[in-house]
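Fit chain B to the known structure of chain A by using the hints.
Sequence order for the protein chains is A and B. No gaps in the numbering here: position 48 of the first sequence is 48 in the UniProt record's numbering, and each next residue is one more. No gaps in the numbering here: position 203 of the second sequence is 203 in the UniProt record's numbering, and each next residue is one more.
Simulated from the structure, these hints should not be mistaken for laboratory data. Certain hints may be false.
For identical chains, the list gives no copy identity; a pair is met inside one copy or between any two copies.
[Said to hold, decoys possible] Mimicking DMTMM-like on lysine to aspartate or glutamate, the simulated pairs with C-alpha atoms at most 25 Å apart in a straight line are:
1. K178 with D118
2. K151 with E196
3. K151 with D116
4. K178 with D25
5. K151 with D20
6. K178 with E212
7. K178 with D20
8. K178 with E103
9. K178 with E108
10. K151 with D167
Protein chains: 2
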Amino acid sequence: MTHTTQRGSLRVVGLGPGADALLTDSVRSAIAGATDAFGYFPYVERLSGLGHLTLHGSDNREELGRARSALNLAAQGRKVLMLSSGDPGVFAMASAVFEVLDEAGPEELARWVAVDIDVQPGITAMLAAAARLGAPLGHDFCAINLSDNLKPAAVIERRIQLAAQADFAMAFYNPCSKSRPEGFERALRVLRQECEPQRLICFARNVSHADETLRVVQLQDVQAEMADMRTVVIVGNSQTRQVGRYVYTPRSYGVAGSR
Amino acid sequence: MTHTTQRGSLRVVGLGPGADALLTDSVRSAIAGATDAFGYFPYVERLSGLGHLTLHGSDNREELGRARSALNLAAQGRKVLMLSSGDPGVFAMASAVFEVLDEAGPEELARWVAVDIDVQPGITAMLAAAARLGAPLGHDFCAINLSDNLKPAAVIERRIQLAAQADFAMAFYNPCSKSRPEGFERALRVLRQECEPQRLICFARNVSHADETLRVVQLQDVQAEMADMRTVVIVGNSQTRQVGRYVYTPRSYGVAGSR
Numbered sequence: 001m002t003h004t005t006q007r008g009s010l011r012v013v014g015l016g017p018g019a020d021a022l023l024t025d026s027v028r029s030a031i032a033g034a035t036d037a038f039g040y041f042p043y044v045e046r047l048s049g050l051g052h053l054t055l056h057g058s059d060n061r062e063e064l065g066r067a068r069s070a071l072n073l074a075a076q077g078r079k080v081l082m083l084s085s086g087d088p089g090v091f092a093m094a095s096a097v098f099e100v101l102d103e104a105g106p107e108e109l110a111r112w113v114a115v116d117i118d119v120q121p122g123i124t125a126m127l128a129a130a131a132r133l134g135a136p137l138g139h140d141f142c143a144i145n146l147s148d149n150l151k152p153a154a155v156i157e158r159r160i161q162l163a164a165q166a167d168f169a170m171a172f173y174n175p176c177s178k179s180r181p182e183g184f185e186r187a188l189r190v191l192r193q194e195c196e197p198q199r200l201i202c203f204a205r206n207v208s209h210a211d212e213t214l215r216v217v218q219l220q221d222v223q224a225e226m227a228d229m230r231t232v233v234i235v236g237n238s239q240t241r242q243v244g245r246y247v248y249t250p251r252s253y254g255v256a257g258s259r
Numbered sequence: 001m002t003h004t005t006q007r008g009s010l011r012v013v014g015l016g017p018g019a020d021a022l023l024t025d026s027v028r029s030a031i032a033g034a035t036d037a038f039g040y041f042p043y044v045e046r047l048s049g050l051g052h053l054t055l056h057g058s059d060n061r062e063e064l065g066r067a068r069s070a071l072n073l074a075a076q077g078r079k080v081l082m083l084s085s086g087d088p089g090v091f092a093m094a095s096a097v098f099e100v101l102d103e104a105g106p107e108e109l110a111r112w113v114a115v116d117i118d119v120q121p122g123i124t125a126m127l128a129a130a131a132r133l134g135a136p137l138g139h140d141f142c143a144i145n146l147s148d149n150l151k152p153a154a155v156i157e158r159r160i161q162l163a164a165q166a167d168f169a170m171a172f173y174n175p176c177s178k179s180r181p182e183g184f185e186r187a188l189r190v191l192r193q194e195c196e197p198q199r200l201i202c203f204a205r206n207v208s209h210a211d212e213t214l215r216v217v218q219l220q221d222v223q224a225e226m227a228d229m230r231t232v233v234i235v236g237n238s239q240t241r242q243v244g245r246y247v248y249t250p251r252s253y254g255v256a257g258s259r
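Chain A on its own, in the form it takes in the complex (with noise of 0.2 Å):
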C-alpha cells in the first residue's frame, strides 16, 4: 500500500568511506525512518541487513536516471533515501538529484514539487584518508576529480597546474578507472613540471576497511600503478612534513617562524 497522500521525502545521505563507525547520527536516523534506498550497487549493499527498506540499486554513470527514480518514489509519499559514499556534495548524488530537478519539466516538477528534499553530509574520503595520514589538509587545499568523463582532460590540467602555484594541497578523487587509466599519469606529468622532486604524495586506500593501505612517497619516486580507483591521492603543499609515522601541513604559511 502506498501512502498517497503523506508528503513524500528524498534524503541524500552519505554514508563515509566506508567504517560503520563513521556514520553520524543524523545519516543513522534517516536510514532507520526511510522505506526506500537508492544508490550504486555496492552502496546500497551496504544495508541489505535491514530488513525495513526496498533496496534499488543501479550501476555508475546512470546517476540522473536513479535521481529521477528516487524522485518519483519520493512523490508517491515514499521516505526515499539517495545514498553516496563520503558526502553526496562531495564528487557524488547532490548535484545529480539537483541537476535533474534544474532540468525537469512541468509535467514532472508538478510531481516532484511536495518532495520533502534534504541532503546530509558524511565524511568524505579525503578527510577519513588526511585523519589517517596525519593532518596533510592542515592549511589551504582543493579537491579535484581527475575522471574526464565530465570535464576536459585540459581543464583538469590546467587546475593542478594553478593549484601548484597557488601551492595548495590537493586532494585527488577518482585519480583513475579501468575505463580511464590515464587521469592520474597526466596529473603526474603536471606536479613534475610544477613541484619539486621531494613534494610528499600520500595514497590512501579503502580508507577505514579492513584493507586499508596507506603509503607515503616522494613526488621522485611515484609510480602512476600506485593509485587506482579506490585510493585517494593527497598531494602535499611545499611546506608538508613527516614526524614519525605521521603527514601534516604546518598551520602557518611564509610568516616568521614558520619553515
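For chain B alone, coordinates are given in the frame of chain A:
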C-alpha cells in the same frame, strides 16, 4: 589515581559544526572512553554534562600550549581528547599537535613516544554548510582560511586569484574576526576583479545550530558585513546555479550538455 603503567592516548576528534546529530559513532566512543578533554572553551563546554571527563578549556590562539599540555597528560597514562569543532584536520587542532611533536626536544620526545595518537574526522563546516545549501561544492573546489594570523595577506589574495582562474568553487573559513575584520573585504576585492558580477556567494552562519542562517547573494550585491566569525562563505564557480531554494554546482564542466 593515575595509571602510570597504562599506555596513554591522545585522540584528536572533530565535534562537527554544532548539532550532536552530526557526531560520528567513532567520536562518541572516543568521548565515552576518555578521562580528560582539552580544547577551546566553547568546545569543552559542549561536553560539560559528562561527569566522567575532566575538562581543560583554554583560549583561542593557545593551540601549541594546549597540545603540549595534552601530550604531557597522555604521557601519564590518561585517555586524553583534543577537541576541534568541525574536522580536526581542517584549520583546526590536528596540525598544531603534529607541529608540537615535530618541534619537541629529546626530553619531551622521550616522554611522548609511548602516547597512542590518532585523529578522528568530523563534519567540517564547509560540508555541513554545503549540505544545507544544496550542493555548491559538487565540482572541484578549494578551502581557504582568510585569517592572516599565520600567513601574509598577499598569499591569501594570490590564492584566491589563482583559484578563481582555475574556476574552483571556494569555501572561506574565518572570513573575519573582531581583531582582524578586513579579511573578507580583501577577498571580495579579488573576487570582484576575477569573477562576473552574477557569481553566487553563499553565507552560512551557525550551521546546524538553532539560529542557523543561510543567505545567497550575487557578487555585485555582497556587503562585507554579511560575513562574521561564525560564517562560512561559499563562492560558487562560474557554473553554480539556483534551483528553487537550492544552490548547486553541476558535475560536468566545459563539455557538450553542460551549461
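Consistency of the hints with the structure:
1. Taking the shortest Cα distances, K178 and D118 never come within 25 Å of each other, neither inside one copy (33 Å) nor across copies (34 Å).
2. Taking the closest pair of Cα atoms, K151 and E196 come within 25 Å of each other only across two copies (21 Å); inside a single copy the shortest separation is 28 Å, beyond that limit.
3. Within a single copy, K151 and D116 get their C-alpha atoms no closer than 31 Å, and across copies no closer than 43 Å, so neither meets the 25 Å cut-off.
4. For the homomeric pair K178 and D25, neither the shortest alpha-carbon distance inside one copy (35 Å) nor that between copies (34 Å) is at most 25 Å.
5. In this homomeric assembly, K151 and D20 never come within 25 Å of each other (Cα to Cα): the closest approach is 33 Å inside a single copy and 38 Å across copies.
6. Taking identical chains as interchangeable, the C-alpha atoms of K178 and E212 lie at most 25 Å apart only when both belong to the same chain, with a minimum of 20 Å there against 43 Å between chains.
7. Taking identical chains as interchangeable, the C-alpha atoms of K178 and D20 are never at most 25 Å apart, the minima being 27 Å within one chain and 40 Å between chains.
8. In this homomeric assembly, K178 and E103 never come within 25 Å of each other (Cα to Cα): the closest approach is 30 Å inside a single copy and 43 Å across copies.
9. In this assembly of identical chains, the alpha carbons of K178 and E108 never lie at most 25 Å apart, being 35 Å within a copy and 48 Å across copies at closest.
10. Taking the shortest alpha-carbon separations for K151 and D167, both the intra-copy value of 23 Å and the inter-copy value of 13 Å come in at or below 25 Å.
When the structure is compared with the earlier hints, violations turn up for hints 1, 3, 4, 5, 7, 8, 9 and for no others.
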